[in-house]
Amino acid sequence: MAIVAEQSRFSRIFWPTLAWITAIVVFFPIFWLVFTSFKTDADAVKPEFLFKFTPTLENYSNMVDNYDYWRFAGNSIITSVFATIFALVVGVPCAYAMAFDPTRATKDVLMWMLSTKMLPAAAVLYPMTFLTKNFLGIYDTKFLVIVVLMLVNLPIVIWMLFSYFKEIPKEIIEAGKMDGVDTWGEIKEILIPLAWGGIASTALLTFIFCWNEAYWTVRLTTTDAATLSSLIEGNRAPEGLFFGRLSAVSTAAIGPIVVLGWFCQKQLVRGLTFGAVK
Amino acid sequence: MTEWLEKHAPKMVLAPSFIAILVFVYGFIGWTAYVSFTRSKLLPKYDLKGTIQYERLADSPRFEVALTNLAIFGVLFILFATIIGLTLAILLDQKIRTEGPLRTIYLYPMALSFIVTGTAWKWILNPGLGIESVMHDLGWTDFAFNWLVDPNLAIYTVVIAGVWQSSGFVMALFLAGLRSVDNEVIRAAMVDGVSTPRIYMSIIIPSMAPIFLSAFIVLSHLAIKSFDLVIALTGGGPGYATDMPATFMYAMAFSRGDIGQAASSATVMMVIVTAIIVPYLYSELRPRHD
Chain A
1 MAIVAEQSRF
11 SRIFWPTLAW
21 ITAIVVFFPI
31 FWLVFTSFKT
41 DADAVKPEFL
51 FKFTPTLENY
61 SNMVDNYDYW
71 RFAGNSIITS
81 VFATIFALVV
91 GVPCAYAMAF
101 DPTRATKDVL
111 MWMLSTKMLP
121 AAAVLYPMTF
131 LTKNFLGIYD
141 TKFLVIVVLM
151 LVNLPIVIWM
161 LFSYFKEIPK
171 EIIEAGKMDG
181 VDTWGEIKEI
191 LIPLAWGGIA
201 STALLTFIFC
211 WNEAYWTVRL
221 TTTDAATLSS
231 LIEGNRAPEG
241 LFFGRLSAVS
251 TAAIGPIVVL
261 GWFCQKQLVR
271 GLTFGAVK
Chain B
1 MTEWLEKHAP
11 KMVLAPSFIA
21 ILVFVYGFIG
31 WTAYVSFTRS
41 KLLPKYDLKG
51 TIQYERLADS
61 PRFEVALTNL
71 AIFGVLFILF
81 ATIIGLTLAI
91 LLDQKIRTEG
101 PLRTIYLYPM
111 ALSFIVTGTA
121 WKWILNPGLG
131 IESVMHDLGW
141 TDFAFNWLVD
151 PNLAIYTVVI
161 AGVWQSSGFV
171 MALFLAGLRS
181 VDNEVIRAAM
191 VDGVSTPRIY
201 MSIIIPSMAP
211 IFLSAFIVLS
221 HLAIKSFDLV
231 IALTGGGPGY
241 ATDMPATFMY
251 AMAFSRGDIG
261 QAASSATVMM
271 VIVTAIIVPY
281 LYSELRPRHD
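Residue numbers (the UniProt record's numbering), protein chains in the order written: chain A, 1 to 278; chain B, 1 to 290.
So here's chain A without its partners, still in its complex pose (with noise of 0.2 Å):
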């Protein structure tokens, strides 16, 4: 409700104030992340050390000296930037057709698309870790862990592209087409740059989901394409140990995620809620 008449003295200091509280309980299990993160693993398991510590950096040499951690980072960033562009080259010229040569088929195509990323994954998982360990051979690969990536988040990314397009005065195209202009030319002088807004929430979004992907690339990798999900999944084993080490990995590993947000937040929540928020 956009129109309020006029506000109160208490509701101008009340709301804020409840939901910047809101906040802080809702980013909590972070903050006693990030808190940990600076703690010796003794000092991370006394409650009564929850703020009063002598912070450490400990933890994060640690991890850079023994945990071979910028190999992790190494890895998923080279996995998550190429599955984004990757899906990005295949699924712009797809939502293209789709938007604006669209057939009695396309709402189909679309539909069935987004279906297939409804599906558990678990029932596809088991034939991919068979065919690729045993006959394929290209099991824990960064070539793997990329072509999956992109292809769980291919049907959301054609979907929020299609819906993008969509906004498009289909007129603009056909100037185009009367001009002259080529299929590619179209793509690449009139569409890229009018729904240039919609691609960078895409890609965001896209970016966001590969390198918080944990249930394929902890299950295809091993060792040499083993993403910051596996470090992290790695040093959850021993229970109750090393929660100093533990939370440093993870702050390492949501770190960039919470900063990339919090300089693209506008794409961020568009990209979140699939386009649905303009």
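Hints listed in this document are in silico derivations from the structure and should not be mistaken for laboratory results. If you're wondering where the values come from, they're calculated on a predicted model, not measured in any experiment. A few of these clues could be false.
List of simulated lysine-lysine pairs, BS3-like, C-alpha gap at most 25 Å [as the list claims (entries may be wrong)]:
(1) Lys-170(A) / Lys-107(A)
(2) Lys-107(A) / Lys-177(A)
(3) Lys-166(A) / Lys-266(A)
(4) Lys-166(A) / Lys-107(A)
(5) Lys-133(A) / Lys-45(B)
(6) Lys-177(A) / Lys-188(A)
(7) Lys-266(A) / Lys-95(B)
(8) Lys-177(A) / Lys-166(A)
(9) Lys-95(B) / Lys-133(A)
Here are a few chain A residues that sit away from chain B, every Cβ distance over 12 Å (derived from the structure) [as the list claims (entries may be wrong)]:
(10) Phe-27
(11) Pro-29
(12) Thr-54
(13) Thr-56
(14) Leu-57
(15) Glu-58
(16) Ser-61
(17) Tyr-67
(18) Tyr-69
(19) Arg-71
(20) Ile-77
(21) Phe-82
(22) Ile-172
(23) Phe-243
(24) Gly-271
Just so you know, even glycine gets a beta-carbon here, dropped at the ideal spot from N, CA and C.
Following the hints, position chain B against chain A.
Here is chain B on its own, set in the frame of chain A:
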């Protein structure tokens, strides 16, 4: 030739993704469905043996727990995420100047890796390390919060973490909905002296019915696929008290070496998802674009 190319170019650019989805998703799902009708155990076998795997599944107490958990989790998760999301949206709609950053903060849980945030929740809910022991240190020694290790209550901790993760998403959907409500109607109601809570209850919330539906679909899909959430928080435990169909399937395929059970439980999951999602997608896509 150029003309032919021009005419068929859209189909040709569509073809690769079409084929990729066909092979990777449907091919593998078809394989899984097929295997669920065989006697596969440690290795897949390909001679059809009828519904034997489904009979075993029906007799399995562990699968029963998984389905019960899915029902408990699904209902509570969708209910609370919707209520809290709507409340947050109404809160942010009170002309708060810092709405942008607040909206981002509320949405963050959805953007962050759940194996990370699940781990954080695991400590917070852990009786020896988290809230309970902090309360004890603050002097409230009777305070008890040990749901995470109680087989009967552990599933509710999964609900807590799931609601935390998804409420911001629901909030963003509702906030967009609140902004698109017809202002004229609200103004007219205000002129008539209708109270603000009544305006929300009788005008604004009913007008957002389509958003409730979208939220419901996305949330139910998250509920059925909640794998990372359970693994990060409880690992399905204590025992198999917090198993869900997805974790059941995973345990069968990868630690119990029972491909037949894995395939049949995966097929059951697919049927459940299809029953919920497909009718919605049809109703959503048909009228709008045809």
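Consistency of the hints with the structure:
no.: 1; hint: Lys-170(A) / Lys-107(A); result: 17 Å, holds
no.: 2; hint: Lys-107(A) / Lys-177(A); result: 24 Å, holds
no.: 3; hint: Lys-166(A) / Lys-266(A); result: 20 Å, holds
no.: 4; hint: Lys-166(A) / Lys-107(A); result: 13 Å, holds
no.: 5; hint: Lys-133(A) / Lys-45(B); result: 18 Å, holds
no.: 6; hint: Lys-177(A) / Lys-188(A); result: 13 Å, holds
no.: 7; hint: Lys-266(A) / Lys-95(B); result: 18 Å, holds
no.: 8; hint: Lys-177(A) / Lys-166(A); result: 17 Å, holds
no.: 9; hint: Lys-95(B) / Lys-133(A); result: 56 Å, violated
no.: 10; hint: Phe-27; result: 6 Å, violated
no.: 11; hint: Pro-29; result: 4 Å, violated
no.: 12; hint: Thr-54; result: 18 Å, holds
no.: 13; hint: Thr-56; result: 18 Å, holds
no.: 14; hint: Leu-57; result: 20 Å, holds
no.: 15; hint: Glu-58; result: 19 Å, holds
no.: 16; hint: Ser-61; result: 20 Å, holds
no.: 17; hint: Tyr-67; result: 16 Å, holds
no.: 18; hint: Tyr-69; result: 15 Å, holds
no.: 19; hint: Arg-71; result: 18 Å, holds
no.: 20; hint: Ile-77; result: 14 Å, holds
no.: 21; hint: Phe-82; result: 16 Å, holds
no.: 22; hint: Ile-172; result: 17 Å, holds
no.: 23; hint: Phe-243; result: 7 Å, violated
no.: 24; hint: Gly-271; result: 9 Å, violated
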